[in-house]
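Undergrad: Dock chain B against chain C, hints included.
Respectively, the protein sequence lines represent chains C and B. Numbered per my numbering, the first sequence spans residues 1 to 369. Numbered per my numbering, the second sequence spans residues 370 to 996.
If you are wondering where the hints come from, they were derived from the structure by calculation, not from laboratory data. A virtual CB, placed ideally from N, CA and C, is assigned to each residue, including glycine. Incorrect hints may have been included.
Label pairs and their computed distance ranges (CB to CB) [as the list claims (entries may be wrong)]:
| no. | chain 1 | residue 1 | chain 2 | residue 2 | range |
| --- | --- | --- | --- | --- | --- |
| 1 | C | P330 | B | R607 | 35 to 41 Å |
| 2 | C | Q207 | B | E463 | 30 to 36 Å |
| 3 | C | F286 | B | N425 | 34 to 40 Å |
Far from chain C by the CB rule (all over 10 Å, computed), these chain B residues [unchecked claim]:
| no. | residue |
| --- | --- |
| 4 | A384 |
| 5 | F387 |
| 6 | A388 |
| 7 | V391 |
| 8 | F402 |
| 9 | V414 |
| 10 | R428 |
| 11 | L440 |
| 12 | D469 |
| 13 | D485 |
| 14 | A517 |
| 15 | I601 |
| 16 | H602 |
| 17 | A866 |
| 18 | L876 |
| 19 | F984 |
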Amino acid sequence: MRSAEPNNRWLQRLHIDGQLFVALIVLGVISAFTVYSASGQDWGMTQRQIIRIGIAFTGMLVIAQIPLSTIERFSLPLFALGVVLLLGVLLFGESSKGAQRWLNIGVATIQPSEIMKLAVPMTVAWFIAEQGLPPTKRRLAAAFILLMIPTLMIAKQPDLGTSILIASSGIFVLFLAGISWRLISFFAVSIGAFIPILWMFLMRDYQRQRVLTFLNPESDPLGAGYQIIQSKIAIGSGGVEGKGWLQGTQSQLEFLPERHTDFIFSVFSEEFGLVGVIGLFAVYGFIIFRGLIIAMRAQKVYQKLLAGSLTLTFFVYVLVNIGMVSGLLPVVGVPLPLISYGGTSMVTLLAGFGLLMAIATNKRLVMHD
Amino acid sequence: MKHKRVTIRDHHAEAALFARRVFVSLIIVVATFGVLLSNMYQLQVVEHQSLQTRSNDNRIKVVPLAPNRGLIYDRYGRILAENRPVLSLEVTPEKVADLDHTLTQLQHILQLTDDDIAQFHENRRRERRFNQVILRDRLTEQQAAQFAARQHEFPGVSIEARLVRHYPYGEAITHALGYVAKINSGDVAKLQEQGKSANYAATRVIGKLGIERYYEEQLHGAIGFQQVEVDIHGRNIRTLSIDPPVPGQDLHLELDVDLQQYAYELLGEERGSIILMDPRDGAIRAMVSKPSYDPNWFAQGISYAQYQGLLNSKHSPLLNRSTQGGYPPASTVKPQIAVLGLEEGIINSKTKIWDPGWFQIEGVDHRYRDWLAWGHGWVNVVDAIVESCDTFYYELALKLGIDSIHDHMVKYGFGERTGIDIAEESAAVMPSRGWKRARFNQPWYAGETVSIGIGQSYWTTTPMQLAVGTAVVVNQGQRPVPRLLAAIQEGEVKLPAVVESREPVVLKNANNWNIVKKAMDLTVSSIKGTAHSAFKDANYTSGGKTGTAQVRSLGQEEEYNAEEIAERYRDNAMYVGYAPADNPELVIVIAVENALGGGGSVAAPMARKLLDFYFEQEQQHAQRRAE
Numbered sequence: 001m002r003s004a005e006p007n008n009r010w011l012q013r014l015h016i017d018g019q020l021f022v023a024l025i026v027l028g029v030i031s032a033f034t035v036y037s038a039s040g041q042d043w044g045m046t047q048r049q050i051i052r053i054g055i056a057f058t059g060m061l062v063i064a065q066i067p068l069s070t071i072e073r074f075s076l077p078l079f080a081l082g083v084v085l086l087l088g089v090l091l092f093g094e095s096s097k098g099a100q101r102w103l104n105i106g107v108a109t110i111q112p113s114e115i116m117k118l119a120v121p122m123t124v125a126w127f128i129a130e131q132g133l134p135p136t137k138r139r140l141a142a143a144f145i146l147l148m149i150p151t152l153m154i155a156k157q158p159d160l161g162t163s164i165l166i167a168s169s170g171i172f173v174l175f176l177a178g179i180s181w182r183l184i185s186f187f188a189v190s191i192g193a194f195i196p197i198l199w200m201f202l203m204r205d206y207q208r209q210r211v212l213t214f215l216n217p218e219s220d221p222l223g224a225g226y227q228i229i230q231s232k233i234a235i236g237s238g239g240v241e242g243k244g245w246l247q248g249t250q251s252q253l254e255f256l257p258e259r260h261t262d263f264i265f266s267v268f269s270e271e272f273g274l275v276g277v278i279g280l281f282a283v284y285g286f287i288i289f290r291g292l293i294i295a296m297r298a299q300k301v302y303q304k305l306l307a308g309s310l311t312l313t314f315f316v317y318v319l320v321n322i323g324m325v326s327g328l329l330p331v332v333g334v335p336l337p338l339i340s341y342g343g344t345s346m347v348t349l350l351a352g353f354g355l356l357m358a359i360a361t362n363k364r365l366v367m368h369d
Numbered sequence: 370m371k372h373k374r375v376t377i378r379d380h381h382a383e384a385a386l387f388a389r390r391v392f393v394s395l396i397i398v399v400a401t402f403g404v405l406l407s408n409m410y411q412l413q414v415v416e417h418q419s420l421q422t423r424s425n426d427n428r429i430k431v432v433p434l435a436p437n438r439g440l441i442y443d444r445y446g447r448i449l450a451e452n453r454p455v456l457s458l459e460v461t462p463e464k465v466a467d468l469d470h471t472l473t474q475l476q477h478i479l480q481l482t483d484d485d486i487a488q489f490h491e492n493r494r495r496e497r498r499f500n501q502v503i504l505r506d507r508l509t510e511q512q513a514a515q516f517a518a519r520q521h522e523f524p525g526v527s528i529e530a531r532l533v534r535h536y537p538y539g540e541a542i543t544h545a546l547g548y549v550a551k552i553n554s555g556d557v558a559k560l561q562e563q564g565k566s567a568n569y570a571a572t573r574v575i576g577k578l579g580i581e582r583y584y585e586e587q588l589h590g591a592i593g594f595q596q597v598e599v600d601i602h603g604r605n606i607r608t609l610s611i612d613p614p615v616p617g618q619d620l621h622l623e624l625d626v627d628l629q630q631y632a633y634e635l636l637g638e639e640r641g642s643i644i645l646m647d648p649r650d651g652a653i654r655a656m657v658s659k660p661s662y663d664p665n666w667f668a669q670g671i672s673y674a675q676y677q678g679l680l681n682s683k684h685s686p687l688l689n690r691s692t693q694g695g696y697p698p699a700s701t702v703k704p705q706i707a708v709l710g711l712e713e714g715i716i717n718s719k720t721k722i723w724d725p726g727w728f729q730i731e732g733v734d735h736r737y738r739d740w741l742a743w744g745h746g747w748v749n750v751v752d753a754i755v756e757s758c759d760t761f762y763y764e765l766a767l768k769l770g771i772d773s774i775h776d777h778m779v780k781y782g783f784g785e786r787t788g789i790d791i792a793e794e795s796a797a798v799m800p801s802r803g804w805k806r807a808r809f810n811q812p813w814y815a816g817e818t819v820s821i822g823i824g825q826s827y828w829t830t831t832p833m834q835l836a837v838g839t840a841v842v843v844n845q846g847q848r849p850v851p852r853l854l855a856a857i858q859e860g861e862v863k864l865p866a867v868v869e870s871r872e873p874v875v876l877k878n879a880n881n882w883n884i885v886k887k888a889m890d891l892t893v894s895s896i897k898g899t900a901h902s903a904f905k906d907a908n909y910t911s912g913g914k915t916g917t918a919q920v921r922s923l924g925q926e927e928e929y930n931a932e933e934i935a936e937r938y939r940d941n942a943m944y945v946g947y948a949p950a951d952n953p954e955l956v957i958v959i960a961v962e963n964a965l966g967g968g969g970s971v972a973a974p975m976a977r978k979l980l981d982f983y984f985e986q987e988q989q990h991a992q993r994r995a996e
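The following block holds chain C by itself, in its conformation from the complex:
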């Protein structure tokens, strides 16, 4: 393995996966440039974003130093703490923009759902790994219940995007653990059968309307369809080569809403075109590929499941965000990972990559290799 080469020894000692680290730095740079453009060339916001990237990278490196045994041991307590805090949010949480996501714990306000983004894959992985692969049906059922508790609590806030990501992280553990294809098919068919029931009996009118708008945004170009139409105009008008950095008219002239947060991909596509998009996809693809390699090479089942789940959840992040801004998926509030303006998801994501690096640079793994 390359990490065994002499010039990478010091990286090994610092628990840094060089390839992953470089790829993440590239995303950080792209983020700084794109936020600067998307914020209307607001240097203050860009500075704050750069500081956040710095903090998040520091957090990543700190977490990478934690021994894996400690991480495994803290999985369940972290999960328990998360559930308590989520309960706190539901009971005493602070609202903003119609959703109750934040909890004031005296010294600061925190968003417990972010803890769960790590705690759920850690705990489910721990729970499955304890038994070994493939898991029994009983254990699977228990694991499923385990992951549904925070998922439903977060969906109730409501924060659909985060609950999807958290459910995914748990389900990916189960999938990687070798849940039988028969069971997978059963779930797929059940969900398929559930959709008409959901549509006809469970959804409210406004929710149906939202789905219809997603399917045909042009039916409501000034209302709910506005965001997605403007986003597609931004992406499409970028063409192959893009309009150039800071030259995107859709973003610079503010036709594009939420341009520095959830819709930052549209800004990027408008200004850097298809060429830039392919480059960005390559970086994301590389990170996902590298994460899966780390998962494959991990020695213990817990590490494999955790690394694999974190990587695939990162993939879902990318998929949901790009899918929604380009009109393939309904708009749920998921930022573009490591690029959108905002600190919370950045810190959590890089903390996840800290775990990946801890797994990647586990000494025993290297010695076996």
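TA: Frame of chain C, contents of chain B only:
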């Protein structure tokens, strides 16, 4: 869970199972990226053109640019209508957080009236969103300075410089020049009908009267466009391209503004009209109608109260007396009657009648009185003009008959529009049997023909018609069309206006012109002439005819005393004239309503002063040209 199952775990089987799942995941990831990428290809390559267009539709707005209105000059290049930048306080309501609070504060700082605020709300209704709305027009420098010092406190409020039409000579020239005012719904409908509304997309004012209205097309120019990039708030970010407007053409008028002002002042507090026209080509040198009003009121936006005041004034300042005022011509048309009498052979230059001071139709008791109660004695046609003997014309008219008089007089243009280049003109009345039948459903009476002989009865003329009628006499039949426009500026070139004339009055015996013209010369030069005293010691020759028009018929034995009867029943004083006597270059018409005196005592002296002034000016201009 404390039992150690780890011991029986097959690590290799676990790793293999996991590896298979990772492999499946990888395939899903690759496939999903493929879908995302093909969607990007669809948007950025396949749909690129149409989305690019929609992106441009978002950001590019086409803003129409109003052309600058052409300027108007007098014959010596003095500016009569110009476009002045004025400072106005403008508010973009959409950009103001608390409009009421802002207005209250501005009202306090700039001492705005409640009317200003009300007007603002009115203006606001008419403007499009994100457009600036005028809060206060014509800021004083002090107000502008007061606002500028605190501008930072008022986002969305700014001082703008706009071009506003300004008439430096104000009310002295209103009825000739007219004015521009805000385009109203009636104008919009008319422009649409004419297919011109696109050209007016950016224009705020339109010519409503006079020259400004008649030559609207030339003065307006052609609209321009600029493409601007706007953001989602409608703010202009930058200009992408400009297709500049074509400014309106400048007009050069025949008017001499010094003469115009002098004539305006000359009328003093009187109501009436003064016209000075070159009989050779119809060029109007001065055209005054009094009372007048300041055209700048309209150009700057007249208030309702101001407009109502003008509209309801009993002195009708809005009426253009020069072209719309119907005055009995009185004795000023005796020359034309005389021409007809000579032409018809009813009289010749030697025919004399006895004037006892009155005229009677045979078998009728009614006496038509001469203005000279004791009569003029024996008079021929020349004396009858010089002394303005009424009796001579009573008899002549009766012999001619209304049909003959009517048919002859319409050849001078009486009873029809002169065709001057302003739209405000009336035809006045040249009565005939047919006219009276249509108007009153009554037959024509011989007695009315008698009155027609001295330009009374139903006969009314506008001063402009009198100017043309007089020009025909001095031109020996040639009938000019009065004209204010001298030339249109076409780039560097002055394009002269078309000089028009109507069908001339042709006489069987052209010498009849000379007889009548001679009589008019003598009206001024002969000691017996009614205009003699007015023109005593003038250093130029001239001719003319006085007239004193009754606006109310008197009882048989009633004595007329101007000072005693109500002002509005007083006679109108009229004068028509020309100068110099040989080859006249100027025809003059003066009409003074309800004057304290007649044509000879009121109107003729005015003509004298005006002609004095004119020749003095001409001399100075000639000197200046010589230098």
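Undergrad: Now look at each hint and say whether the structure bears it out.
TA: Hints, one by one, checked against the model:
Look at P330(C) against R607(B): about 37 Å separates their beta carbons, and that is inside 35 to 41 Å. The given range of 30 to 36 Å is respected by Q207(C) and E463(B), whose C-beta atoms sit roughly 34 Å from each other. Between F286(C) and N425(B) the beta carbon distance is about 36 Å. The supplied range of 34 to 40 Å therefore holds. The claim that A384(B) is not at the interface with chain C is violated, since a C-beta of that chain comes within 10 Å of its own (minimum 8 Å).
Some Cβ of chain C comes within 10 Å of the Cβ of F387(B); the nearest lies about 5 Å off, and the non-interface call is violated. The claim that A388(B) lies off the interface is violated: its Cβ sits roughly 6 Å from the closest Cβ of chain C, which falls inside the 10 Å cut-off. Distance to chain C contradicts V391(B) as a non-interface residue, since its nearest Cβ pair spans about 5 Å, not more than 10 Å. Not every CB of chain C is more than 10 Å from the CB of F402(B) (nearest about 6 Å), against its label as outside the interface.
V414(B), annotated as away from the interface, has a beta carbon of chain C within 10 Å; the closest lies near 6 Å. Chain C draws R428(B) into its interface by the beta-carbon criterion, the shortest separation being 5 Å against a cut-off of 10 Å. Separation of L440(B) from chain C is adequate, the least Cβ-Cβ distance of about 40 Å exceeding the 10 Å criterion. With a least CB separation of 28 Å from chain C, D469(B) remains clear of the 10 Å interface cut-off, as annotated.
Under the 10 Å C-beta cut-off, the non-interface status given to D485(B) relative to chain C holds; the minimum distance is some 34 Å. Against the 10 Å criterion, A517(B) stays outside the reach of chain C, whose nearest CB is about 29 Å from its own CB. Its beta-carbon lying about 4 Å from the closest one in chain C, I601(B) breaks the requirement of being farther than 10 Å from that chain. With a least beta-carbon separation of about 7 Å from chain C, H602(B) fails to lie farther than 10 Å from that chain, contradicting its non-interface assignment.
Every CB of chain C is more than 10 Å from the CB of A866(B) (nearest about 51 Å), matching its label as outside the interface. Every C-beta of chain C lies more than 10 Å from that of L876(B), the closest at about 79 Å, which supports listing it as non-interface. Annotated as non-interface, F984(B) keeps its C-beta farther than 10 Å from every C-beta of chain C; the closest such distance is 69 Å.
The structure fails hints 4, 5, 6, 7, 8, 9, 10, 15, 16 (numbered hints given earlier, in ascending order).
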